[in-house]
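Protein chains: 6
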Amino acid sequence: MLKNNVETFLACDKEYNDADIVMFGAPFDSTTSFRPGTRFGPNAVRSESFGIETYSPYQNRDLEDINVMDSGDIELRIGDTEAVLAQIEERAAKILSDGKIPFMIGGEHLVTLGAFRAAAEKYPDIHIVHFDAHADLREDYLGVKLSHACVLRRCWDIIGDDRIHQFGIRSGERSEFEFAKTHTDMHPFTLEDVPQLVKEIGRSKPVYFTLDLDVLDPSVFPGTGTPEPGGVNFDQLRRAAAAVCSGLNIVACDVNELSPHYDHSGISTAAACKIIREILLAI
Amino acid sequence: MLKNNVETFLACDKEYNDADIVMFGAPFDSTTSFRPGTRFGPNAVRSESFGIETYSPYQNRDLEDINVMDSGDIELRIGDTEAVLAQIEERAAKILSDGKIPFMIGGEHLVTLGAFRAAAEKYPDIHIVHFDAHADLREDYLGVKLSHACVLRRCWDIIGDDRIHQFGIRSGERSEFEFAKTHTDMHPFTLEDVPQLVKEIGRSKPVYFTLDLDVLDPSVFPGTGTPEPGGVNFDQLRRAAAAVCSGLNIVACDVNELSPHYDHSGISTAAACKIIREILLAI
Amino acid sequence: MLKNNVETFLACDKEYNDADIVMFGAPFDSTTSFRPGTRFGPNAVRSESFGIETYSPYQNRDLEDINVMDSGDIELRIGDTEAVLAQIEERAAKILSDGKIPFMIGGEHLVTLGAFRAAAEKYPDIHIVHFDAHADLREDYLGVKLSHACVLRRCWDIIGDDRIHQFGIRSGERSEFEFAKTHTDMHPFTLEDVPQLVKEIGRSKPVYFTLDLDVLDPSVFPGTGTPEPGGVNFDQLRRAAAAVCSGLNIVACDVNELSPHYDHSGISTAAACKIIREILLAI
Amino acid sequence: MLKNNVETFLACDKEYNDADIVMFGAPFDSTTSFRPGTRFGPNAVRSESFGIETYSPYQNRDLEDINVMDSGDIELRIGDTEAVLAQIEERAAKILSDGKIPFMIGGEHLVTLGAFRAAAEKYPDIHIVHFDAHADLREDYLGVKLSHACVLRRCWDIIGDDRIHQFGIRSGERSEFEFAKTHTDMHPFTLEDVPQLVKEIGRSKPVYFTLDLDVLDPSVFPGTGTPEPGGVNFDQLRRAAAAVCSGLNIVACDVNELSPHYDHSGISTAAACKIIREILLAI
Amino acid sequence: MLKNNVETFLACDKEYNDADIVMFGAPFDSTTSFRPGTRFGPNAVRSESFGIETYSPYQNRDLEDINVMDSGDIELRIGDTEAVLAQIEERAAKILSDGKIPFMIGGEHLVTLGAFRAAAEKYPDIHIVHFDAHADLREDYLGVKLSHACVLRRCWDIIGDDRIHQFGIRSGERSEFEFAKTHTDMHPFTLEDVPQLVKEIGRSKPVYFTLDLDVLDPSVFPGTGTPEPGGVNFDQLRRAAAAVCSGLNIVACDVNELSPHYDHSGISTAAACKIIREILLAI
Amino acid sequence: MLKNNVETFLACDKEYNDADIVMFGAPFDSTTSFRPGTRFGPNAVRSESFGIETYSPYQNRDLEDINVMDSGDIELRIGDTEAVLAQIEERAAKILSDGKIPFMIGGEHLVTLGAFRAAAEKYPDIHIVHFDAHADLREDYLGVKLSHACVLRRCWDIIGDDRIHQFGIRSGERSEFEFAKTHTDMHPFTLEDVPQLVKEIGRSKPVYFTLDLDVLDPSVFPGTGTPEPGGVNFDQLRRAAAAVCSGLNIVACDVNELSPHYDHSGISTAAACKIIREILLAI
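Residue numbers (the working numbering), protein chains in the order written: chain P, 1493 to 1775; chain R, 1493 to 1775; chain Y, 1493 to 1775; chain X, 1493 to 1775; chain D, 1493 to 1775; chain L, 1493 to 1775.
The hints are simulated quantities; they were obtained by calculation from the structure and are not laboratory data.
Just so you know, not all the hints are guaranteed correct.
For chains that are exact copies, the list does not tell them apart, and a pair is met inside one copy or across any two.
The list that follows gives simulated cross-link-like pairs (lysine-lysine, DSSO-like), each with its CA atoms no further than 30 angstroms apart [stated by the list, open to error]:
| no. | residue 1 | residue 2 |
| --- | --- | --- |
| 1 | Lys1614 | Lys1673 |
| 2 | Lys1614 | Lys1637 |
| 3 | Lys1592 | Lys1614 |
| 4 | Lys1637 | Lys1586 |
| 5 | Lys1586 | Lys1506 |
| 6 | Lys1697 | Lys1506 |
Please put together the full structure from these sequences, using the hints given.
Laid out in structure tokens, this is it:
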């Protein structure tokens, strides 16, 4: 008898009970201030993941050998930001309560707040490792507090000083960089200091890893809402992400800000797919 | 001494006090359920308006001969829908209170609700003429009531039965079409009945004209969030819009749903510019 | 417990045993002579089908009310044409043998040959109704007989004269048009004669309906391998397809030649989705 | 021995001495006021001509049966408008002096002036048939007299009143339409009056036929510098062009304003190729 | 009372009298030999500048703290190259005579000649620092001397040997590289020697800085007329430009060759906006 | 008398008898498993080659000084893979038998097999130098042995162990990398080991050089079927290719996998043109 083909991310087709990592999409972009469209990110990485291999020659590991379920997208209540965050938090909390690692695909960066709330609830001593072009530390954006431009500030509201480790940041208001000096552990412009952090923290702390793909240079990753020239190249990101995911105790993770309709040649989506594979294999 | 070039819509450069019509942009698209991007609509029509002429050979009139001010975009609080609608209402109310006609450029269709609230406040016996591919009559969309898919329903909440005249509608849920049977004056699929309505109402009633440009066939107007095949062609729209604007008593007006980033060849923006010119000359 | 979201064509999510119509994708384009890419057609119509409604105001019917299963794509042996056709024939034969109607989404037009072989095996007195810009009646194309440009000729090899009814044809070699004069029932340029055919044949004969979407004008349907100016508009196609599918005894069907990577604005995919909905509701 | 493949327009590969019609490209666009890029027009029609057939089912004629040479592009002195026009005039004059018909592919519309000078030199009683969206009758454009926006005015400088027959015009300044009233034979908006003109003039006069492809609606022909909504469809153009070319005494001809870099889906180039084929077969 | 929003480059909204730097656009591209479209450059950088911040974390400076006026585009006489250069020269001379620094946004590289004439008139001992992929040292291009490909040669006509410092050059005819050996100070392929030049010249000489953005690698800057692989990355350019602008005595400046219609993903425009910000802050 | 302009690759217009290198196009892509379209590669490099110069400042050589003929594309029998390979083999064999070097432009990578068969027939001791992102060492792909994903394996079938030198490989199945360990000389991820190989082999062996352009990072070369992030930049490729072509005894060569319809900005085609120039000058 015929049955439906299920389109999941490449080889992430395990049953929920068997899965160690559970992927889900959060197709939300309503607070995007410049170019929207990250809502199409999760679907794009699924479709295009079949352009890469399951095997990583860098790590000599294969997605076929690990247990990941792609549970599809949450059907979000577009137009009601707080409701959307609650839906995301609920999904992440369920996965965490079943002893699995939630792996969220955005969407814009604000979705991190939903999943992080669930993770911080379970792990009060959690740290955040944050790769991004933008500081995302504003108190508000045109009067709106639940904005992608404020997401790490909202996380800081929850966990406070010295627990947010930011890398690659190359854009923000002056006040954000000043805030970072006293409240976060910011390493601007590059990912060069990542190995040092991994060495310092090791597996002693639960860590939420949030990867805003615009940390990549726009030449490598044009398909995003706010291209910011001067970022890292793919190998630099691959190495740093692998270091974080294999060296730290990752309890939850997200990859966000792919906007595929600005990715006319498909190279951004390919970069997203490959870094997701490398993270899954490194965790 | 040098002064700044002001970029307005073509020839709409009168001072506020001298203007009979005041144009403004409402760059909002946060409740868009499919492809976002109409926030770039107002800017695109300004830039590209210089590709058309100020003179209309159809009407033998010229934008140089009338008094229109383009007052630029409102800086909207993206991420807070109710606040956005209030900002729009305030701008429209100001223009109306000064005895001028507000002419809003969207943005997604929900922006109509803001301007319409102001118009209905001033003109309690107002009617709506609505050209669109979609009925926009849902009670809610995934639980959200302030959604582009509900905008005419929200207007109906204000003015009730038999005052909304819908033309060109070719998409919606079954329940929307059933609602229309008893609550609105719906003429599906074409604009053929427009002259009859103009004849019936004439200049006896104040009228809000809301034009969702996706009433056009996607071949003519690809640059929109939800392309719906089977629409009218440009000349059909031009004739119907001119009939409405010259034959009825238009007190406020909007043109919405241009999404220029899906308009790779620029033809949608050109169509928007030209229909705006024709409406301005016909009012 | 979480389960995978299954991505099917809009509302075509019935179980196989309950389905009256079974949809499947045939993502093949290896014999395309001009611009390849129709292999991405089935995936595109699934993803983008969520931009249209399940309800048709034209027919006052809803996809929710009928039983259709979308069984996903066949994983084809790209590079071996004969093997590909055998895979398609096998899928269609299985569906036919279970008393259901196969509904194939191409892929290039050659895929029709696979499904038609199965249908002609079950229904030896079968007719073909063929909407297309191109005659597809060549004996061979650069020496290759299994080519999209020869597909109706290969069907004719099976069923012979006077059983292929061609509409909308506006391109071909002189020899194809001469072949048509004595061997097929060709109505060039338009779909105007479709109602007459429906009247003549009625439900007395089993009919295979093959719709090459490039019968549409390229303005309506740019996303195809060989755009041929001068085609029908969407409403003309919608009316003719509905007449065929509601007036004739359709036993198998296909819709082909959508090439989404040439459909930058998404209007071709939207047209494909909507005509598929209308056909499903009319059968 | 191997020899070079010569890329000509489809089947236009006769030797110069054998040719009745000689095609050449004039890749010039330096006076374009809005979106440049028509310089790529001649190359695009050659490359893409292989997507259509040599046979026309409309006329039941085949390019294989007539004698056309495509002599390639003139290497123009970009940056010096008068020199460019002189180069074009020289090429056209050579072809005319050898008793052949020059068929120029633009390039922007100003190139017509070069070829027309040669034709008017040989045929002092020449008429012009002009299909276009724009009147092109300005005395100057921002002080520049050799501009695409002035080209028919420059032709009028040579031949004077009542010899320029304009069809499809739907854009211009008021002064251009007023000029037309007393100096040209203008039929705005459509091509409906073309058969009447053909009947009146017949083959009694030498005629230069200049076809600005933007007479087509932008939905059919998006790939042009200044898209002007509200134009004719492909079949209307095909019929009118065939009427002109078979019913009048065409001594020179041009087809211009294809700007392929705005033609993302290739439909404009396909339309250009097909209308060129139809014209060649009708002359 | 409402007033017009003025669209200027990000935060460059000072009054003329208060400004130290005056920006203007020169939307000219008529001598472009390959892909035109740089005329849309100035408008694009204004619109898209709102995607970046006013603050530079590299320099710890903010555009809000300096006095720049964006005076809009000059309305150029397209089609008459010499007239265009005269218009540009006049604008630059006015700004220079008022003791301010002109900052021109091209347009193609030939526009530099207009502004440089004004600067060399005021500062006879002026030097040029030139970043580019192309040498631009031809005596003529197809017989035309006022061409983008000759612009540095035309500057050399004015100031002679050893005053033009060229960096990053990786393309040209053999004769251009030979000319450079004896007449200019050329440092091909990279920007590595820039700090050495800054050290040598210091603030002792007035310097005109002309930045052809195609010195960037096409991966970083695809939106240009003539992409030339093998260029520098964004950080290399940022560092070199900052060194030039903070270490030398810049009296006039231009940034040119952005062609936004080839910049489908917007990354080139973002790069242009960011380097303009960095230059403004460094001067 | 007028004659046809022949469009060849830049300056490769020598007669066959005079040529040392003979270029030809193999526009084939039927076994492509992801995004087809490399069939348009040869035509694109010809058209766009005029955007670069004939002179290389890197090598101080000029295409005008060497003898290359571009013999155009083979008209391939699309749809019959074995026939296509035979056509390619025949063309390469003819060129080799006349003592010239065949230089093939693909097309997908499988075309290499045709030309390599001819080269291995003439030079039984031939080696292969292979630059690629993908190992291309599968025994079969979905049961098909003549697939682009198997092409080096098919070459290995002919020449066996230790004669295939692979560089830059960063993608494949685990089994391909294991195969490489014992059967090929694989240097994954970079081109750094190329100089060492050149030193070892020198001019002692005949070498076939096959360059899959996707060895470049997708930021530099987006226009390809299967973008694989993490590749080399243009200068790294240029240096390695020059080392191979000037240091080894190249008897045949190909450059493949440019898919221009995914190269919206033209940068991939520009990279292909420039590397072809550099290879031609280095051989």
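Outcome of the hint check:
no.	hint	in the structure
1	Lys1614 <-> Lys1673	within (28 angstroms within a copy, 46 angstroms between copies)
2	Lys1614 <-> Lys1637	within (24 angstroms within a copy, 34 angstroms between copies)
3	Lys1592 <-> Lys1614	within (12 angstroms within a copy, 51 angstroms between copies)
4	Lys1637 <-> Lys1586	both (26 angstroms within a copy, 28 angstroms between copies)
5	Lys1586 <-> Lys1506	both (17 angstroms within a copy, 28 angstroms between copies)
6	Lys1697 <-> Lys1506	within (28 angstroms within a copy, 47 angstroms between copies)
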